[in-house]
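J.: Start from the sequences, fold in the hints, and give me the full structure.
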Amino acid sequence: MIVTNTETIAGYHIAEIKGLVQGNTVRAKHAGRDIAAGFKNLVGGELKGYTELLTESRRQAVERMLAQAQQLGANAIVNVRFTTSAVTAGAAELYAYGTAVIVQPA
Amino acid sequence: MVELIIVLVLLVGGYTFGTIAERRHVARLNARESANGSFLVTQVKSFPAFSKGSMSPQIVLAETVVASDYFKSFLAKLRWLFGGEVRSFHSLLERARRETTQRLVEQAQEHGYNAICNLRLVTADVGGSTASRKGAAMVAILGSATAYNYDAPSS
Chain A
1 MIVTNTETIA
11 GYHIAEIKGL
21 VQGNTVRAKH
31 AGRDIAAGFK
41 NLVGGELKGY
51 TELLTESRRQ
61 AVERMLAQAQ
71 QLGANAIVNV
81 RFTTSAVTAG
91 AAELYAYGTA
101 VIVQPA
Chain B
1001 MVELIIVLVL
1011 LVGGYTFGTI
1021 AERRHVARLN
1031 ARESANGSFL
1041 VTQVKSFPAF
1051 SKGSMSPQIV
1061 LAETVVASDY
1071 FKSFLAKLRW
1081 LFGGEVRSFH
1091 SLLERARRET
1101 TQRLVEQAQE
1111 HGYNAICNLR
1121 LVTADVGGST
1131 ASRKGAAMVA
1141 ILGSATAYNY
1151 DAPSS
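These protein sequence lines map, in sequence, to chains A and B. Start counting the first sequence at 1; every next residue gets the next number (the numbering used here). Start counting the second sequence at 1001; every next residue gets the next number (the numbering used here).
The hints are simulated quantities; they were obtained by calculation from the structure and are not laboratory data. Any given hint could be a false lead.
Unchecked claim - Take a look, some chain B residues computed to stay more than 10 angstroms from chain A by CB distance:
| hint | residue |
| --- | --- |
| 1 | 1076 |
| 2 | 1084 |
| 3 | 1093 |
| 4 | 1094 |
| 5 | 1106 |
| 6 | 1112 |
| 7 | 1152 |
| 8 | 1153 |
| 9 | 1154 |
To be verified - Just the calculated beta-carbon pair ranges, DEER-fashion:
| hint | chain 1 | residue 1 | chain 2 | residue 2 | range |
| --- | --- | --- | --- | --- | --- |
| 10 | A | 91 | B | 1084 | 25 to 35 angstroms |
| 11 | B | 1151 | A | 15 | 19 to 29 angstroms |
| 12 | B | 1097 | A | 85 | 19 to 29 angstroms |
| 13 | B | 1020 | A | 67 | 26 to 36 angstroms |
| 14 | B | 1082 | A | 83 | 28 to 38 angstroms |
| 15 | B | 1110 | A | 106 | 35 to 45 angstroms |
| 16 | B | 1007 | A | 17 | 58 to 68 angstroms |
| 17 | A | 91 | B | 1154 | 45 to 55 angstroms |
As the structure is a computational prediction, the values presented were derived from the model and not from experiment. Virtual Cβ for every residue (Gly too), placed ideally from N, Cα, C.
T.: Right under this line is the structure:
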C-alpha cells in the first residue's frame, strides 16, 4: 500500500476516494525510562528511550490506519497527518489520519 | 548550605557536559548534512523535479526527543522573571529539528530514494507534567515527509 503525506502521488492519479481512515495509540511513560531520562536531563541531549517509545507509538498508529484502509479496499493513503495530545500526566495520545483512495498509474 | 553546593555542582556539571555533548552533536549533524548534499529536501507538495517512471513515492517518518541540561533550564527559569527570548533553548530545538530531518533523509536513502518533499516538523511536549520534573524541558519533534526520486543534475 502506498502511503504519502502529500495530497497527490506523482506518477499516479486518484481513481476513487474511499474516505477518512485513522489510527491512534495512547502510551504511558515507562518508569525505568523516566528515571534514565531524569539523569539525561542533567546533561542534556537526546533521550533515546523516549524516542523509541514515540517511534513505536507512531508505527502502531500507522498500522491501525493501514488496517482500516485495507478493509475499505483502498490501495493507497494520501495526505497523512499526525497530531499528539497529552491525555493525563505521563500519557500521550498519537493520532494518525489520512484519506484512503484507489490510485492507478498515470 | 549542602543544598546550595549540590545545586552548584549540578549547574557546573550540567553546563560542562551539556556543552560538550552539544558541540559533538552539532559536529555530527554538519558531517551528515554535507554528506547528504545532493539529497533534495523541500516542504512543497508538488514533487519538484519528479523523475518519471521511478519508484512510487512513500512516506518516511522520524522523531527525536531531546532534553535540555540543568544549566539551560536554570537560565530559562531566570528568564521567566524578566521575560524575553529564551536563547538557551534555541540551540536545543534547532538540533532536534536538524536531527529529525537527517533521519528522514537517511531513511529515504535506505529505501533507494533521493529526494523528500512535503517535510512537516511538529513539536510535541512529552514532559508530562513539566512542573513536577527537576525543571528540565523535554521536547519531541515529529517529522514526516514523502520520499521520491528526482532527476539529479549530473555535475
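J.: Each of the hints needs a verdict: does it hold here or not?
T.: Hint check results:
no., hint, in the structure
1, 1076, "12 angstroms, holds"
2, 1084, "22 angstroms, holds"
3, 1093, "12 angstroms, holds"
4, 1094, "13 angstroms, holds"
5, 1106, "14 angstroms, holds"
6, 1112, "15 angstroms, holds"
7, 1152, "16 angstroms, holds"
8, 1153, "19 angstroms, holds"
9, 1154, "21 angstroms, holds"
10, A/91 - B/1084: 25 to 35 angstroms, "33 angstroms, holds"
11, B/1151 - A/15: 19 to 29 angstroms, "27 angstroms, holds"
12, B/1097 - A/85: 19 to 29 angstroms, "21 angstroms, holds"
13, B/1020 - A/67: 26 to 36 angstroms, "45 angstroms, violated"
14, B/1082 - A/83: 28 to 38 angstroms, "33 angstroms, holds"
15, B/1110 - A/106: 35 to 45 angstroms, "26 angstroms, violated"
16, B/1007 - A/17: 58 to 68 angstroms, "59 angstroms, holds"
17, A/91 - B/1154: 45 to 55 angstroms, "51 angstroms, holds"
Hint compliance for this structure: hints 13 and 15 are not met, and every other hint is.
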